[in-house]
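> Given the sequences, and given the hints that come with them, work out the whole structure.
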Amino acid sequence: MKNLILTAVLSTIIIAVNAQQNQPPYRTKAQQLVMTNEDSLNAGISINKTVISGYGSAFYQRDFNIKQSTVSLERAVLFVGHQFSNKISFFSELELENAKIAGGESGAGEIAMEQAFLKFNLNARHYIIAGLFVPRIGILNENHLPVNFNGVERPIVEQLVIPATWRELGVAFYGTASRLPLSYSVALMNGLNSEKFEHGNGIRSGRAEGSNALANNLALSASLQYFWNDFKFQVSGYAGGTVGLNPRTADSLGLHGGAFGTPLYLSEANLQYAKNGFAVKAIFAYISYPEAGKINTVYTKNISTAMYGGYAELGYDWLHAKHEKAQFASFVRVELLDLNASIPAPPKAIYDGTEKQTHIIAGFSYLPLPNVVIKADVRLLHTGPQNAELVVNLPPTALPYRQNNQFLNIGIGYSF
Amino acid sequence: MERRQFIKSSCNFCLLATAGYFSSILTACSPAYRAIKTEIIDDTIQIPLYSFAQSDFQFVRPKGWYYDIVVLKKADGVYETMLLQCTHQQNQLLPTGNGYICNLHGSHFDKEGNVIKGPAENPLKKYPTSIDRDKLIIHLKA
Chain V
166 MKNLILTAVL
176 STIIIAVNAQ
186 QNQPPYRTKA
196 QQLVMTNEDS
206 LNAGISINKT
216 VISGYGSAFY
226 QRDFNIKQST
236 VSLERAVLFV
246 GHQFSNKISF
256 FSELELENAK
266 IAGGESGAGE
276 IAMEQAFLKF
286 NLNARHYIIA
296 GLFVPRIGIL
306 NENHLPVNFN
316 GVERPIVEQL
326 VIPATWRELG
336 VAFYGTASRL
346 PLSYSVALMN
356 GLNSEKFEHG
366 NGIRSGRAEG
376 SNALANNLAL
386 SASLQYFWND
396 FKFQVSGYAG
406 GTVGLNPRTA
416 DSLGLHGGAF
426 GTPLYLSEAN
436 LQYAKNGFAV
446 KAIFAYISYP
456 EAGKINTVYT
466 KNISTAMYGG
476 YAELGYDWLH
486 AKHEKAQFAS
496 FVRVELLDLN
506 ASIPAPPKAI
516 YDGTEKQTHI
526 IAGFSYLPLP
536 NVVIKADVRL
546 LHTGPQNAEL
556 VVNLPPTALP
566 YRQNNQFLNI
576 GIGYSF
Chain U
346 MERRQFIKSS
356 CNFCLLATAG
366 YFSSILTACS
376 PAYRAIKTEI
386 IDDTIQIPLY
396 SFAQSDFQFV
406 RPKGWYYDIV
416 VLKKADGVYE
426 TMLLQCTHQQ
436 NQLLPTGNGY
446 ICNLHGSHFD
456 KEGNVIKGPA
466 ENPLKKYPTS
476 IDRDKLIIHL
486 KA
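Sequences listed follow chains V and U, in order. Start counting the first sequence at 166; every next residue gets the next number (my numbering). Start counting the second sequence at 346; every next residue gets the next number (my numbering).
Treat the hints with caution; some may be incorrect.
[Claimed, not checked] The calculated lysine-lysine pairs, modelled on DSS-like cross-linking and capped at a C-alpha distance of 27 Å, are:
(1) Lys252/V with Lys471/U
(2) Lys466/V with Lys513/V
(3) Lys440/V with Lys471/U
(4) Lys471/U with Lys214/V
[Stated by the list, open to error] Facing chain U, from chain V, some residues (calculated, C-beta under 7 Å):
(5) Val216
(6) Gly246
(7) Glu307
(8) Asn308
(9) Asn313
(10) Pro535
Hints in this document: simulated from the structure, not taken from any laboratory. Source: prediction; values computed, not measured. Ideal Cβ placement from N, Cα and C applies to all residues, glycine included.
Right, here's the structure in full:
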């Protein structure tokens, strides 16, 4: 099965590359018209059609429970793109988190490729990408620039349940239907690594992010987007193996390896609406991991068999009626999530009430231009009670756990 | 016909009818995205004016291009064209109910081609048009 899929993927890439190679070495009249040098300059790119752009954000956060404030240049991301021809392009995002990299220092930043892929245009409505990319899952994963979401922090559900920015290595096909405003995508990529899963952050730590991923296990994702008047609907799904070990090692640990062994499933649906200054976003995501108990036994983890999360957000741009370029949007967002909605029967897992959370965020985003944002918000957090079985440091060594907390966030962001 | 078979057939019929009904509703409420395919002749493309009899906008796909052009017939009878190519990193744009979006980085353009959301900074490229008898001429090199 795995060989069949790999053969299909390689064939697709070879066909795309051959199609390019079969083209005449010069640009046709049509191609010259689409991307003249003048156009390139107008679009902010140089004559050799290399594009440099990027985004970034910085924030101030006050944690009222522990009375601690922090500031950080959260992200500075550089896009580099190059158009080899009208058919083949390269896109990349290089991210520096928290301003610097310092070996061995706890809390230091990281430098990572968020995306690096080749894009093969098949026609005006279909293309294939291959490399490190973010699959179309959820709202934020694909569109994570700070000017495009409300709140200084990214939505918590799309950090903990959908682990944005979730990127893996693989190949994906994107298309748009001819008779309906329907777009779709299918992606094949390396799977998650169950050995890296950590209690408290869902499946986030299992991402390989393009770095020496185990690829004995694979994952498939697919999405459908439908545009109807001022609505945008999306559903997407992910199914992938989580044990990428070689067969001998997997067998010795008693785990199901192979392409889709020890599977994890994620399904998600969201809608967005925007009209006359009003904007609504809503999303719900559910993760099923039936064999979490085996992973907990083998790797001494505390992973759940089911997790879910969702949020609803309402915003209003007070400057919309003035038809100005500037936007001043106030918003409120309610997020609910439970990272242990269902757990393997004890003793294979221990319930943790702190993973059941409600977040209420209210604030504003001021955009003097569509590419620059100043944000501020307050986040109220409520969690379930702490499970005494999971407490390592008891009071007074550690402060008593508080189920409620408040955060003040102020931030800036840009994209170009 | 047995009772079970009757119920099954009736349910299937209802499902098909419902699907057909919603399919027609969805098609009617959404922007049709069928493109007129056309050749480029002397740096121009021509489309018959009767194409706008049913709708005030049409998608046009010049042969050999990897981007569509949208043509809008405005209330004053003026035709406006826009290239559906994101001005940020040249990705194809998707038409929505209230404009055009780029799924690559989230740029959003309104129906006039102006940037609503970044990272794009420049509006969509437009081409001048003229009318020659019963044809709309789009000048690609002007």
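> Compare the structure with each hint and give your call.
These are the hints, each one checked on the structure:
{"no.": "1", "hint": "Lys252/V with Lys471/U", "in the structure": "holds, 22 Å"}
{"no.": "2", "hint": "Lys466/V with Lys513/V", "in the structure": "holds, 8 Å"}
{"no.": "3", "hint": "Lys440/V with Lys471/U", "in the structure": "holds, 25 Å"}
{"no.": "4", "hint": "Lys471/U with Lys214/V", "in the structure": "holds, 20 Å"}
{"no.": "5", "hint": "Val216", "in the structure": "holds, 5 Å"}
{"no.": "6", "hint": "Gly246", "in the structure": "holds, 5 Å"}
{"no.": "7", "hint": "Glu307", "in the structure": "holds, 6 Å"}
{"no.": "8", "hint": "Asn308", "in the structure": "holds, 3 Å"}
{"no.": "9", "hint": "Asn313", "in the structure": "holds, 4 Å"}
{"no.": "10", "hint": "Pro535", "in the structure": "holds, 5 Å"}
Hint compliance for this structure: no hint is broken.
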